[in-house]
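> Listed below are the residues making up each chain.
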Amino acid sequence: MRSMLIAVTLPILLTFGVAVAAAQDAGQIKTSKGAAQIERSGQKLPATVGQVVQQGDVVTTGADGSVGITFRDNSLVSIGPDSVLAIDRFVFDSTTHQGNFDASLKQGTLAVISGKLAKQSPEAMKVKTPAAILGVRGTEFLVRTSPAKD
Amino acid sequence: MPGKDGKTGALVVESQGQKQTLDTPYAAARVKNVGSVDGFKTSEAEVKQDFGPALAAQPKRPVSFFLYFRTDTDEFAPESKALVNQIFAEIARRPAPEVVIIGHTDRVGTLQHNDALSLRRAERCREELIKLGIPKVRISVAGRGEREPEVPTADEVPEPRNRRVEISVR
Numbered sequence: 001m002r003s004m005l006i007a008v009t010l011p012i013l014l015t016f017g018v019a020v021a022a023a024q025d026a027g028q029i030k031t032s033k034g035a036a037q038i039e040r041s042g043q044k045l046p047a048t049v050g051q052v053v054q055q056g057d058v059v060t061t062g063a064d065g066s067v068g069i070t071f072r073d074n075s076l077v078s079i080g081p082d083s084v085l086a087i088d089r090f091v092f093d094s095t096t097h098q099g100n101f102d103a104s105l106k107q108g109t110l111a112v113i114s115g116k117l118a119k120q121s122p123e124a125m126k127v128k129t130p131a132a133i134l135g136v137r138g139t140e141f142l143v144r145t146s147p148a149k150d
Numbered sequence: 151m152p153g154k155d156g157k158t159g160a161l162v163v164e165s166q167g168q169k170q171t172l173d174t175p176y177a178a179a180r181v182k183n184v185g186s187v188d189g190f191k192t193s194e195a196e197v198k199q200d201f202g203p204a205l206a207a208q209p210k211r212p213v214s215f216f217l218y219f220r221t222d223t224d225e226f227a228p229e230s231k232a233l234v235n236q237i238f239a240e241i242a243r244r245p246a247p248e249v250v251i252i253g254h255t256d257r258v259g260t261l262q263h264n265d266a267l268s269l270r271r272a273e274r275c276r277e278e279l280i281k282l283g284i285p286k287v288r289i290s291v292a293g294r295g296e297r298e299p300e301v302p303t304a305d306e307v308p309e310p311r312n313r314r315v316e317i318s319v320r
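Line by line, the protein sequences give chains U and G. Mind the numbering: the first sequence is residues 1 to 150 in my numbering, read in order. Mind the numbering: the second sequence is residues 151 to 320 in my numbering, read in order.
Hints are supplied without guarantee of correctness; some may be wrong.
[Claimed, not checked] Quick list of in silico lysine-lysine cross-link-like pairs, DSS-like style, CA-CA up to 30 Å:
(1) U/K44 <-> G/K286
(2) G/K286 <-> U/K126
(3) U/K128 <-> G/K157
(4) U/K128 <-> G/K191
(5) U/K119 <-> G/K191
(6) G/K198 <-> G/K210
(7) G/K198 <-> U/K126
(8) G/K157 <-> G/K182
(9) G/K198 <-> G/K157
(10) G/K210 <-> U/K119
(11) U/K128 <-> G/K286
These are calculated hints, taken from the structure and not from any lab test.
Given these sequences and hints, build the entire structure.
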């Protein structure tokens with residue numbers, strides 16, 4: 001009885017999985033230089049131009065690396081060398097422009113031109129660093145996180 | 151940072167209840183220890199030195215084109231046809247190009263009706279652009295309904311300039 005149930009539910013789950021994956025696309029890599037990769041569910045993918053970025057991804061660069069991403073809400077986000085940026089949450093409704101964009105710069109340099117989410121709602125976009133939280137009210141800004149000295 | 155349009159937005163830096171609002175060009179804040187936010191002013195030269203590679207990696211800004219329709223049809227107005235060539239050129243200039251087709255309506259009808267109508271316009275436009283040979287790029291559609299008028303009007307006012315489709319290339 002149990003095995004029958006699994007056989008029936010599996011195709012439904014697979015279909016659902018595909019739909020969710022498409023909805024999770026948060027953005028796409030537009031520029032990439034030097035060593036750069038995406039960590040997604042324990043896997044490492046090359047951060048090449050055209051690669052899709054999803055909620056939950058961690059984008060990292062080496063000493064010669066940089067990456068630029070255009071998100072679905074037109075937020076333009078780029079990181080310089082030796083940087084670690086986590087895309088903690090990305091939700092965007094293309095009709096109402098409501099949603100949330102939370103990212104964490106763990107290390108390195110970040111440049112942001114905010115997009116439709118921050119324009120629609122001043123609470124929608126937040127960038128965290130180990131020391132502070134930045135609330136974005138629609139703007140262009142830069143962030144640097146230096147490793148702890150001690 | 152000063153925006154492209156010369157205006158500067160605002161950024162609120164918060165560390166354990168300490169807050170600093172940055173809303174002037176090149177305003178900056180340093181958080182040396184958690185809970186201490188020190189405001190200061192940086193300069194274009196300092197920014198270039200510290201953030202050069204990150205700034206150089208910024209993607210191109212998206213560009214929007216607007217196509218207008220003959221009233222009550224899904225036919226492009228003649229001047230919109232010339233725009234299609236510009237759209238092709240913009241796509242060719244960009245790495246990993248994406249096209250987002252966003253439908254807009256005027257304020258005649260309910261919000262829900264216009265959401266559906268704007269999405270239908272965008273979808274019809276997608277078919278047309280594919281027929282015209284838009285290269286193999288990622289095309290997505292969105293319906294913004296009456297939320298983003300080109301010309302603000304009172305509710306239920308017909309306004310042809312608001313019945314448009316925006317083609318954003320990014």
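> Now tell me if each hint is right for this structure.
How the hints compare with the structure:
1. U/K44 <-> G/K286: holds (27 Å)
2. G/K286 <-> U/K126: violated (34 Å)
3. U/K128 <-> G/K157: holds (24 Å)
4. U/K128 <-> G/K191: holds (21 Å)
5. U/K119 <-> G/K191: holds (25 Å)
6. G/K198 <-> G/K210: holds (18 Å)
7. G/K198 <-> U/K126: The hint holds at about 24 Å.
8. G/K157 <-> G/K182: holds (29 Å)
9. G/K198 <-> G/K157: holds (20 Å)
10. G/K210 <-> U/K119: At roughly 19 Å apart (the allowed maximum being 30 Å), U/K119 and G/K210 satisfy the hint.
11. U/K128 <-> G/K286: violated (37 Å)
The structure is inconsistent with the numbered hints 2 and 11, although it conforms to all the rest.
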